[in-house]
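Visitor: Chains as they are written, first to last, in the numbering used here: chain Y, 5 to 211; chain B, 5 to 211; chain H, 5 to 211.
Hint data in this document are derived by calculation from the structure and do not stem from the laboratory.
Think of the CB as a built atom: it goes at the ideal place given N, C-alpha and C, for glycine as much as any other residue.
A few of these clues could be false.
[Stated by the list, open to error] Okay, derived cross-link-like pairs now, DSSO-like style, lysine-lysine, Cα gap no bigger than 27 Å in a straight line:
hint, chain 1, residue 1, chain 2, residue 2
1, H, Lys146, B, Lys51
2, H, Lys67, Y, Lys139
3, Y, Lys146, H, Lys51
[Claimed, not checked] From chain Y, some residues computed to sit far from chain B (all C-beta separations above 10 Å):
hint, residue
4, Arg21
5, Val28
6, Phe40
7, Asp42
8, Pro44
9, Glu112
10, Arg123
11, Arg130
12, Lys139
13, Asn143
14, Gln164
15, Asp194
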Amino acid sequence: MLGLLPREKGFFDLFERAAANLRVGTRAMADLLDRFEDVPAKVEKIKAIEHAGDEITHQAIEKLNKTFLTPLDREDIHELVCRLDDVLDLTDGAASRILLYKIDAPTEAARALAGVLERSAEIIERAMKGLREIKKGENLLKLCIDLHTLENEGDRIERQALAGLFDGTLSPYDVIKWKDIYETLEAATDRCEDVANVVEGIVLKNA
Amino acid sequence: MLGLLPREKGFFDLFERAAANLRVGTRAMADLLDRFEDVPAKVEKIKAIEHAGDEITHQAIEKLNKTFLTPLDREDIHELVCRLDDVLDLTDGAASRILLYKIDAPTEAARALAGVLERSAEIIERAMKGLREIKKGENLLKLCIDLHTLENEGDRIERQALAGLFDGTLSPYDVIKWKDIYETLEAATDRCEDVANVVEGIVLKNA
Amino acid sequence: MLGLLPREKGFFDLFERAAANLRVGTRAMADLLDRFEDVPAKVEKIKAIEHAGDEITHQAIEKLNKTFLTPLDREDIHELVCRLDDVLDLTDGAASRILLYKIDAPTEAARALAGVLERSAEIIERAMKGLREIKKGENLLKLCIDLHTLENEGDRIERQALAGLFDGTLSPYDVIKWKDIYETLEAATDRCEDVANVVEGIVLKNA
Numbered sequence: 005m006l007g008l009l010p011r012e013k014g015f016f017d018l019f020e021r022a023a024a025n026l027r028v029g030t031r032a033m034a035d036l037l038d039r040f041e042d043v044p045a046k047v048e049k050i051k052a053i054e055h056a057g058d059e060i061t062h063q064a065i066e067k068l069n070k071t072f073l074t075p076l077d078r079e080d081i082h083e084l085v086c087r088l089d090d091v092l093d094l095t096d097g098a099a100s101r102i103l104l105y106k107i108d109a110p111t112e113a114a115r116a117l118a119g120v121l122e123r124s125a126e127i128i129e130r131a132m133k134g135l136r137e138i139k140k141g142e143n144l145l146k147l148c149i150d151l152h153t154l155e156n157e158g159d160r161i162e163r164q165a166l167a168g169l170f171d172g173t174l175s176p177y178d179v180i181k182w183k184d185i186y187e188t189l190e191a192a193t194d195r196c197e198d199v200a201n202v203v204e205g206i207v208l209k210n211a
Numbered sequence: 005m006l007g008l009l010p011r012e013k014g015f016f017d018l019f020e021r022a023a024a025n026l027r028v029g030t031r032a033m034a035d036l037l038d039r040f041e042d043v044p045a046k047v048e049k050i051k052a053i054e055h056a057g058d059e060i061t062h063q064a065i066e067k068l069n070k071t072f073l074t075p076l077d078r079e080d081i082h083e084l085v086c087r088l089d090d091v092l093d094l095t096d097g098a099a100s101r102i103l104l105y106k107i108d109a110p111t112e113a114a115r116a117l118a119g120v121l122e123r124s125a126e127i128i129e130r131a132m133k134g135l136r137e138i139k140k141g142e143n144l145l146k147l148c149i150d151l152h153t154l155e156n157e158g159d160r161i162e163r164q165a166l167a168g169l170f171d172g173t174l175s176p177y178d179v180i181k182w183k184d185i186y187e188t189l190e191a192a193t194d195r196c197e198d199v200a201n202v203v204e205g206i207v208l209k210n211a
Numbered sequence: 005m006l007g008l009l010p011r012e013k014g015f016f017d018l019f020e021r022a023a024a025n026l027r028v029g030t031r032a033m034a035d036l037l038d039r040f041e042d043v044p045a046k047v048e049k050i051k052a053i054e055h056a057g058d059e060i061t062h063q064a065i066e067k068l069n070k071t072f073l074t075p076l077d078r079e080d081i082h083e084l085v086c087r088l089d090d091v092l093d094l095t096d097g098a099a100s101r102i103l104l105y106k107i108d109a110p111t112e113a114a115r116a117l118a119g120v121l122e123r124s125a126e127i128i129e130r131a132m133k134g135l136r137e138i139k140k141g142e143n144l145l146k147l148c149i150d151l152h153t154l155e156n157e158g159d160r161i162e163r164q165a166l167a168g169l170f171d172g173t174l175s176p177y178d179v180i181k182w183k184d185i186y187e188t189l190e191a192a193t194d195r196c197e198d199v200a201n202v203v204e205g206i207v208l209k210n211a
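Pulled out of the complex, with its shape left as it was, chain Y reads as follows (with noise of 0.2 Å):
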């Protein structure tokens, strides 16, 4: 009987917002690094980024809380905007990281990882579009397979990285500072990760 009422699509247009919210702040992300100049601005416009994801966020859980039937199950919702937010919060946290370690010159471990950051918000991006038509999850979880394939492909970027460090150039303090730079631009593409994992079980869950 109440799937016959109308359910409230207003989420999947959070979910895109959300989506291309984030999208913006990986480009941004990634510009930093591929054009290393007004630094300060450039961090700040990513935090500004971050907390117009915050507000998103926000509405989402307003919308549930008001809504009586949801497109897809309630805690799904919920758990999606709360993944899709740890990403973007991480990508402002590489940036701050790099604006408060007073970083001189990006690397090209750090451009490579952004990149992949970069390109797995494009994918979330297409697989918040594909949520619309839930019935169609093998094209969603072809999406989550890149996903996955895209965050192996950061570790593999951070473990190169990381043993880069110790090539005798770096003082002890450059390499925590980098080891921590990298580490928290990976923990971002883990994130989408998570968000594939959401996305999964909600397809399997309506399969």
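With chain Y's structure known, arrange chains B and H on it following the hints.
Guide: For chains B and H alone, coordinates are given in the frame of chain Y:
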């Protein structure tokens, strides 16, 4: 039909006991840093509080296994006690590190992080009391927002503290030790946010 | 009515295969540290085991997508295979780091952590077999307690090991390397506890 049967209310007592114990633990952590004396005894006390927390967690799981009708979804009760346990584990982890690393004086940033943790535990305590009246979910959601705000504050303090480690006054060894302590304290406030996420999920499910 | 239909039992085979593979992986990790020779070949072997684990995870997700009636809740099956996968990922991460950091001799603490990890994998293997008889949940809950205990032991070993890094014999670089290896090994035992939490949740839901 099941809705008319009495629900085992003892779970709310367990949540409150877990939260009260957590508050005692975070209080002891703040005290350790505020009055830095008798460090081994104070660290041992925190370890004892953590053991008491394990015992409460264990009782909750036993009770779940023996109870037919639970006042909240079984998986939410389980998740909640596990997440409360995590906060205390990390609080104990931070205390242990202070002893094991032979720290000889606390820092302002460590005190500030312990303060955020203690305030988070206070809010968690209020939230656990609020679970008894789940239909007044608005109040609970407000407490969750406070926990998110405190986590953000913890994050901000941690980042500033990490940056401050590189001012040239500390040996690389001391940088590594303090970075670990700050990260463990900040992870404890992160886990408070996980508690908030579980509470939000419970409220939204019952909205 | 649905309760009378046959349930696809092949998921239990997949859990057992995943756990058996994990045990092989943790065995290989312990062997790497116990007989520290042919390091690159041994690390590569662990990587191959990790790939085999990815394949099992992928099969489980495919099977979930094609199966109408599952023997446990779909989301629990999904969560369980993801958490098993995490343990092996971190085991592989620790092995990689030993090679990439050009470690030339293992430590007692690393061996002890690998031992805890291997024992955890043995218990997980028994728990996966036990899932076939979910109504004998008491036995499963006991195995989960064993996993919590092992995680505590891993935590204790890690803390002592971290403290030992600062005895003045190691360069800051070596402290950073070993801290990372210890933390990765300990994180793997943490993920074993996550597996225990999922199993507990399944048992309690079916209690």
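Visitor: If a hint holds in the structure, say so; if it doesn't, say that too.
Guide: Each hint tested on the structure:
Between Lys146 (chain H) and Lys51 (chain B) the alpha-carbon distance is near 24 Å, which keeps this suggested pair within the 27 Å criterion. Our distance criterion of 27 Å between C-alpha atoms is met by Lys67 (chain H) and Lys139 (chain Y), whose separation comes to about 17 Å. As the CA atoms of Lys146 (chain Y) and Lys51 (chain H) are separated by approximately 24 Å, the hinted pair is consistent with the 27 Å bound. Against chain B, the non-interface label of Arg21 (chain Y) holds: every CB pair exceeds 10 Å, the least being about 19 Å.
With a least beta-carbon separation of about 20 Å from chain B, Val28 (chain Y) lies farther than 10 Å from that chain, consistent with its non-interface assignment. No Cβ of chain B comes within 10 Å of the Cβ of Phe40 (chain Y); the nearest lies about 18 Å off, and the non-interface call holds. With a least beta-carbon separation of about 19 Å from chain B, Asp42 (chain Y) lies farther than 10 Å from that chain, consistent with its non-interface assignment. Annotated as non-interface, Pro44 (chain Y) keeps its C-beta farther than 10 Å from every C-beta of chain B; the closest such distance is 13 Å.
A cut-off of 10 Å between C-beta atoms confirms that Glu112 (chain Y) is not in contact with chain B; the least separation is 23 Å. Against chain B, the non-interface label of Arg123 (chain Y) holds: every CB pair exceeds 10 Å, the least being about 26 Å. Residue placement check: Arg130 (chain Y) keeps its beta carbon more than 10 Å from all beta carbons of chain B (closest about 26 Å). Look at Lys139 (chain Y): its CB is around 24 Å from the nearest CB on chain B, clear of 10 Å, so calling it non-interface holds up.
Against chain B, the non-interface label of Asn143 (chain Y) holds: every CB pair exceeds 10 Å, the least being about 28 Å. Annotated as non-interface, Gln164 (chain Y) keeps its C-beta farther than 10 Å from every C-beta of chain B; the closest such distance is 22 Å. No beta-carbon of chain B comes within 10 Å of the beta-carbon of Asp194 (chain Y); the shortest separation is about 14 Å.
When each numbered hint is compared with the structure, no violation occurs for any of them.
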